[in-house]
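Novice: Residue-level listing of the chains:
Number of protein chains: 2
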Amino acid sequence: MRVNGQAHRTIWLKAGEPDCVQIIDQRFLPHELVIEDLRSVEDVIQAIAEMHVRGAPLIGATAAWGLYLSVVQQPGDFDIGKLKQAGERLKAARPTAVNLAWAVDRMIAILELANSDFTDLTKREAELICDEDVEICRKIGEFGLSLISDIAKQKNGPVNILTHCNAGWLATVDWGTATSPIYHAQQQGIRLHVWVDETRPRNQGASLTAWELGEQGINHTVIVDNAGGHLMQQGEVDLVIVGTDRTARNGDVANKIGTYLKALAAFDNNIPFYVALPSPTIDWTLGNGELIPIEQRAADEVSFINGYLDNEQVSVRLTPGNSPAANPAFDVTPARLVTGLITERGVCEASEEGLLGLFSEKIKHD
Amino acid sequence: MRVNGQAHRTIWLKAGEPDCVQIIDQRFLPHELVIEDLRSVEDVIQAIAEMHVRGAPLIGATAAWGLYLSVVQQPGDFDIGKLKQAGERLKAARPTAVNLAWAVDRMIAILELANSDFTDLTKREAELICDEDVEICRKIGEFGLSLISDIAKQKNGPVNILTHCNAGWLATVDWGTATSPIYHAQQQGIRLHVWVDETRPRNQGASLTAWELGEQGINHTVIVDNAGGHLMQQGEVDLVIVGTDRTARNGDVANKIGTYLKALAAFDNNIPFYVALPSPTIDWTLGNGELIPIEQRAADEVSFINGYLDNEQVSVRLTPGNSPAANPAFDVTPARLVTGLITERGVCEASEEGLLGLFSEKIKHD
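Protein chains in written order, with my numbering: chain P, 1 to 366; chain F, 1 to 366.
Okay, chain P solo, but in the shape it has when bound:
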C-alpha cells in the first residue's frame, strides 16, 4: 500500500544486497518511518519477538526470510540440523500465531527435499510465501468487498466499520486481512468511515491502523478500546472486521486481546462481526479455540506506554511503582459470536462445516 504516495510492501530483499532483508520497524510508527536491515536469523528472531514486525501473516513471511538468511550465512556448509534448530527458535519467538510455524515448516520441507541450490531455493520459497500472501489478501479483499457494498446499498452516508488492533497491510506483506475489503471498497468509490480501536497495551490501532488508513486517505476516527460497545448501541457501527492470529478447526478465533469483548457487543446489537484470514492462519489440528496457546507478554507493556514528546519517542509510566500488571496478549472469540470468516476462497460460516466447505482437502477420511 502507499506510504507518502509510494507503493510499499512490509518486507523485501534489499536491492543489491542478497544477504540483507529489510522491514519497516513498526515500533516507531506513526511518527517515524524506520527501515531496518536484518542480516541474520538472530536479527529476525529479535524483530519478531520484540515486535518490530507483527501480525500473523507478516511474522510468517519474516520467519521464512529468517531461514533464508540462515542458509545465506552458511553457504559452503549446509546443515539441515542447524536450520531446523533455527526454525525451532523462530517458532518460539511468539507462540499464538500459527503462521509462524506454518512458514517455518514449509521452508524446512523444501530444504529437506533439496540437494543443491539451497540459497536460491530458500530465496524463491520466501518470495513465493510473500507473493502468495499478497494474492491471498487481495482475494480476501474481493470477497469482503461484497459485505461492505451490500451495506452501502442499503444506507445513506458512509459505511461505518469498526476494527481492532492492526490487521492491515502492516500485518501482512500487502493489502492486509481486515483492511483489504476496506481498501477494495475505497477503490470502488464506496463511502467509508473506520472506527479504529487504539488496542492497548501496544496501541497497534492508534499507531499502525490509523497511520495506514491515513496514508491511503480513508476517513477514520481513533477510539479507546472501551468505546466500541457504546458506539454499537448508538447505531454508529454497521460492520466489524478483525483479523486473527490462529483460527481453530471449529471456527473459534484467537485475536488480539479485547476482540472477544467487541464480538460480544456486536452480537448483542445484531451487528455483523466478520473475521478476515488467510488459510495459513487456520490450525486444522486444533478442534477448538480453548486449545490455542495465549502469549503472556511483559507487564511493562501495561505499566508503561510509548508516545511522542517533542518529536522523540519516550516511554512513560502509567501505574504506581508497586502495582503489578498482567498482560495476556490474545483472547479467543467463540465461533458462535462470529458472523462469518472471510478467506481467500470466499466467505463461510465460522464452523468446521463452513471451513471444510471451502477447504475440502482438509476433510479427514477415516
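Since the hints were derived computationally from the structure, they do not count as laboratory data. Among these hints, one or two may not hold up.
[What the hints assert, rightly or not] From chain F, some residues computed to sit far from chain P (all C-beta separations above 12 Å):
1) D79
2) R124
3) E215
4) Q234
5) G307
[Stated by the list, open to error] Estimated spans, in silico, between C-beta atoms of each pair:
6) S360/P with Q234/F: 28 to 36 Å
7) R191/F with Q73/P: 35 to 43 Å
8) E312/P with L33/F: 28 to 36 Å
9) R336/P with N156/F: 52 to 60 Å
10) E142/P with G217/F: 57 to 65 Å
11) D310/F with Q85/P: 39 to 47 Å
12) A7/F with A298/P: 34 to 42 Å
13) G189/P with P293/F: 36 to 44 Å
From the three backbone atoms N, C-alpha and C, an ideal C-beta is built for every residue, glycine too.
The hints should help you fit chain F onto chain P, whose structure is shown.
Specialist: Chain F alone, transformed into the frame defined by chain P:
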C-alpha cells in the same frame, strides 16, 4: 481511607481558613499527592470540569462546597438569584452524573428557606452531604461484604474481583462505592485480589484505583481494558463490582465507558456483575438508561496520554497528527446484564421493582 498510613477524606474545609476548601488534585496521582485550595465557585467549577475531582458522589459533594464558597464570597450581600446561577454553572460542569444536580438542588432548597445565617447553613449542609456520603458508602460496604464472603466460603484461594474505572474512596468522600465491600472484606480478613481495569482514556483505574488499593494494602493487578473478558473466560474472575454515575428508574446504569463490555463478558461467563451506588445516583425521573445524557469529552484525551518520565508528569502523543479521535466518556449497561444493585439500604435486583422495594417512598401514587 489511608494515605501513607494516615486517615484521609477526599475533600475538607481547610483548618483555620473558613473560606478555603481543600481537595486532592487527582490528576497527579499515583505519582504525586497534590492538595489543592479552592477559594471560589469558579475554582470549584474548574476542578469538576477538568477532573481534579471526579466520581459521581465526590463531584456532588464538591458542588455543595462550591455553593458554600459562593455564599462566603458575598456575606453582606446575599442574593439567591446569583447563587442559583452559580448552581446552574456547577450543574453544567459535567452532564452525566446526576449527583451534581442533586447536591446543587439540595443546597439551593436550604438557602431558599433561610432568612439568615447563610454561611453557617450552607457550611452545615455541605458537611452533612459529606458525612452522609461517608455513611452511605459504609453501608454499601456492609451490604456488599456478604456477596464477597459468600464466594470466599465456597473457594480456596483469594476472591478475585474485577473493577472498572475508580469507584473507590477517591470517587466519594470516603470508603468508595465499588471498593467499600472490598475494604470491608479486608477488615474481615477475607483473602482478596482485585483486577484493576486501567480505564482508558484517563486511566482512573491504573492511576487511582491501583494507588488507593496499594495504600490500603490490598493485592491487585492492573490490566488493560481489553483483558477482562479473557480473564473471565479463564475462570480468573469471581465477581465484578463497578460504580455508576447515573442509574435510571428501571435499573439501567450509566458508568465509565467500557463498563457495558465487561457486563456483557460477565453475563456470557455466568459471573455476578454488581453495581454499587448511593441513592443520590438514582435518577428517578428517567424511565430507562437511553435517556441518560452521555458526556463527549475532548479528543485529546484519546490522542495524548499523561504519564511519568523522570519523576515529571508529561503528556505524550499516541496517534498520527492527522487522525481524528472521539471520546464518549460513559456508556449505559442495560439492567438485564446487572446481577444486582448494592445500595445503602441493601442489595436489590436491577429493576424498578427492585429499587422501589428498597426506596418505597419513590413509589408514584396516581
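Novice: Evaluate each hint against the coordinates.
Specialist: Hints, verified against the model:
With a minimum CB-CB distance of about 41 Å to chain P, D79/F clears the 12 Å threshold, and the non-interface call stands. Distance to chain P confirms R124/F as a non-interface residue, since its nearest Cβ pair spans about 37 Å, more than 12 Å. Taking the minimum C-beta to C-beta distance to chain P, about 9 Å, the non-interface status of E215/F is violated against the 12 Å cut. Against the 12 Å criterion, Q234/F falls within the reach of chain P, whose nearest CB is about 8 Å from its own CB.
Under the 12 Å C-beta cut-off, the non-interface status given to G307/F relative to chain P is violated; the minimum distance is some 3 Å. The supplied range of 28 to 36 Å is met by S360/P and Q234/F, whose beta-carbon atoms lie about 35 Å from each other. Take R191/F and Q73/P: their Cβ atoms lie about 54 Å apart, and the range 35 to 43 Å is violated. Checking the proposed 28 to 36 Å range against E312/P and L33/F shows it holds: the Cβ atoms sit about 29 Å from each other.
Between R336/P and N156/F the beta carbon distance is about 32 Å. The supplied range of 52 to 60 Å is therefore violated. With their beta carbons about 58 Å apart, E142/P and G217/F fall inside the hinted range of 57 to 65 Å. Restraint check, D310/F to Q85/P: a C-beta distance of roughly 43 Å satisfies the suggested window 39 to 47 Å. For the pair A7/F and A298/P, the supplied restraint of 34 to 42 Å holds, since their beta-carbon distance comes to about 37 Å.
Under the hint 36 to 44 Å, the C-beta atoms of G189/P and P293/F, about 37 Å apart, fit the expected range.
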